[in-house]
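Colleague: Sequence:
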Amino acid sequence: MRIVVARLDYNGELVEIYPLSSISKKEMDEVVEASKDVVRSHLFLSKELKRPLPRSIVIDANIYEITIVFKPKGILVFASLKDSVLSTQNQGAIVTA
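Number 769 marks the last residue of the sequence shown (the working numbering); no jumps.
Any given hint could turn out to be false.
What the hints assert, rightly or not - Using 27 angstroms as the maximum straight-line C-alpha spacing, the simulated DSSO-like pairs for lysine-lysine come out as follows: (1) 708 to 754; (2) 754 to 743; (3) 722 to 745; (4) 708 to 698; (5) 722 to 697; (6) 708 to 722; (7) 697 to 754; (8) 743 to 722; (9) 754 to 698; (10) 719 to 708; (11) 719 to 754; (12) 722 to 754; (13) 719 to 745; (14) 697 to 708.
Claimed, not checked - Label pairs and their calculated CB-CB ranges: (15) 724 to 694: 33 to 43 angstroms; (16) 696 to 720: 33 to 43 angstroms; (17) 692 to 730: 10 to 20 angstroms; (18) 673 to 719: 26 to 36 angstroms; (19) 725 to 694: 13 to 23 angstroms; (20) 721 to 693: 30 to 40 angstroms; (21) 722 to 673: 31 to 41 angstroms.
Derived from the structure by calculation, the hints contain no laboratory data.
Note that the structure is a prediction, hence the values are computed from the model and not measured.
In this text, a Cβ means the ideal position worked out from N, Cα and C, and glycines have one as well.
Can you make the complete structure from the sequences, with help from the hints?
Modeller: Written out as structure tokens, the structure is:
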């Protein structure tokens with residue numbers, strides 16, 4: 673399992689990123705873009721519905737799990753990329769053992 677920690681501002685923009693494991697640029701970009709999309713969606717809905725932001729959000733996908741935590745000074749993103757043993761990318765699924 674490979675870990676990435678990032679910080680976003682309240683506009684959904686990347687401020688800092690800390691890959692704590694060996695990770696490709698493509699994987700890092702995918703995690704950052706997924707996080708930005710979710711954060712921006714929640715910021716928009718929170719504003720439109722006049723509701724508070726959740727304390728945290730978890731995204732669980734085939735290749736990664738992302739936890740997004742809303743803090744007063746910024747938004748923390750903790751991502752763990754799952755190492756797969758066998759993958760069937762044509763079907764969009766990953767089988768892990």
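Colleague: Against this structure, judge whether each hint is valid.
Modeller: Each hint, compared with the structure:
Restraint check: the Cα-Cα separation between residue 708 and residue 754 comes to about 20 angstroms, which is no more than 27 angstroms; the hinted pair holds. Pair hint residue 754 plus residue 743 holds up; C-alpha atoms about 26 angstroms apart against a cutoff of 27 angstroms. Proximity of residue 722 to residue 745 is assessed by CA-CA distance (about 20 angstroms); at most 27 angstroms being required, the pair is judged to hold. In summary, the hint linking residue 708 to residue 698 is supported, as the alpha carbons are separated by about 15 angstroms, within the 27 angstroms threshold.
Pair hint residue 722 plus residue 697 does not hold up; C-alpha atoms about 37 angstroms apart against a cutoff of 27 angstroms. Under the criterion of a C-alpha separation no larger than 27 angstroms, the hint pairing residue 708 with residue 722 is consistent with the structure, at around 21 angstroms. In summary, the hint linking residue 697 to residue 754 is supported, as the alpha carbons are separated by about 16 angstroms, within the 27 angstroms threshold. Under the criterion of a C-alpha separation no larger than 27 angstroms, the hint pairing residue 743 with residue 722 is consistent with the structure, at around 18 angstroms.
Among the hinted pairs, residue 754 with residue 698 is consistent with the structure: their alpha-carbon atoms are about 15 angstroms apart, no more than 27 angstroms. The straight-line distance between the Cα atoms of residue 719 and residue 708 is roughly 16 angstroms, inside the 27 angstroms bound, and the hint therefore holds. A threshold of 27 angstroms between alpha carbons decides the hint, and for residue 719 with residue 754 the separation of about 33 angstroms lies outside it, so the pair is violated. Distance check on the hinted pair: residue 722 and residue 754 sit about 36 angstroms apart at the alpha-carbon level, beyond 27 angstroms; violated.
A threshold of 27 angstroms between alpha carbons decides the hint, and for residue 719 with residue 745 the separation of about 18 angstroms falls inside it, so the pair holds. Only pairs whose Cα atoms come within 27 angstroms are accepted, and residue 697 paired with residue 708 is accepted, the gap being roughly 16 angstroms. Checking the proposed 33 to 43 angstroms range against residue 724 and residue 694 shows it holds: the Cβ atoms sit about 37 angstroms from each other. A beta carbon spacing of about 36 angstroms between residue 696 and residue 720 agrees with the range 33 to 43 angstroms that was offered as a hint.
The supplied range of 10 to 20 angstroms is met by residue 692 and residue 730, whose beta-carbon atoms lie about 19 angstroms from each other. For the pair residue 673 and residue 719, the beta carbons lie near 35 angstroms from each other, so the given range of 26 to 36 angstroms is met. In this structure, residue 725 and residue 694 break the distance hint of 13 to 23 angstroms, their C-beta atoms being roughly 33 angstroms apart. The hint said 30 to 40 angstroms for the Cβ distance between residue 721 and residue 693, and at roughly 37 angstroms that hint holds.
Roughly 38 angstroms separates the CB atoms of residue 722 and residue 673, a value that falls within the hinted 31 to 41 angstroms.
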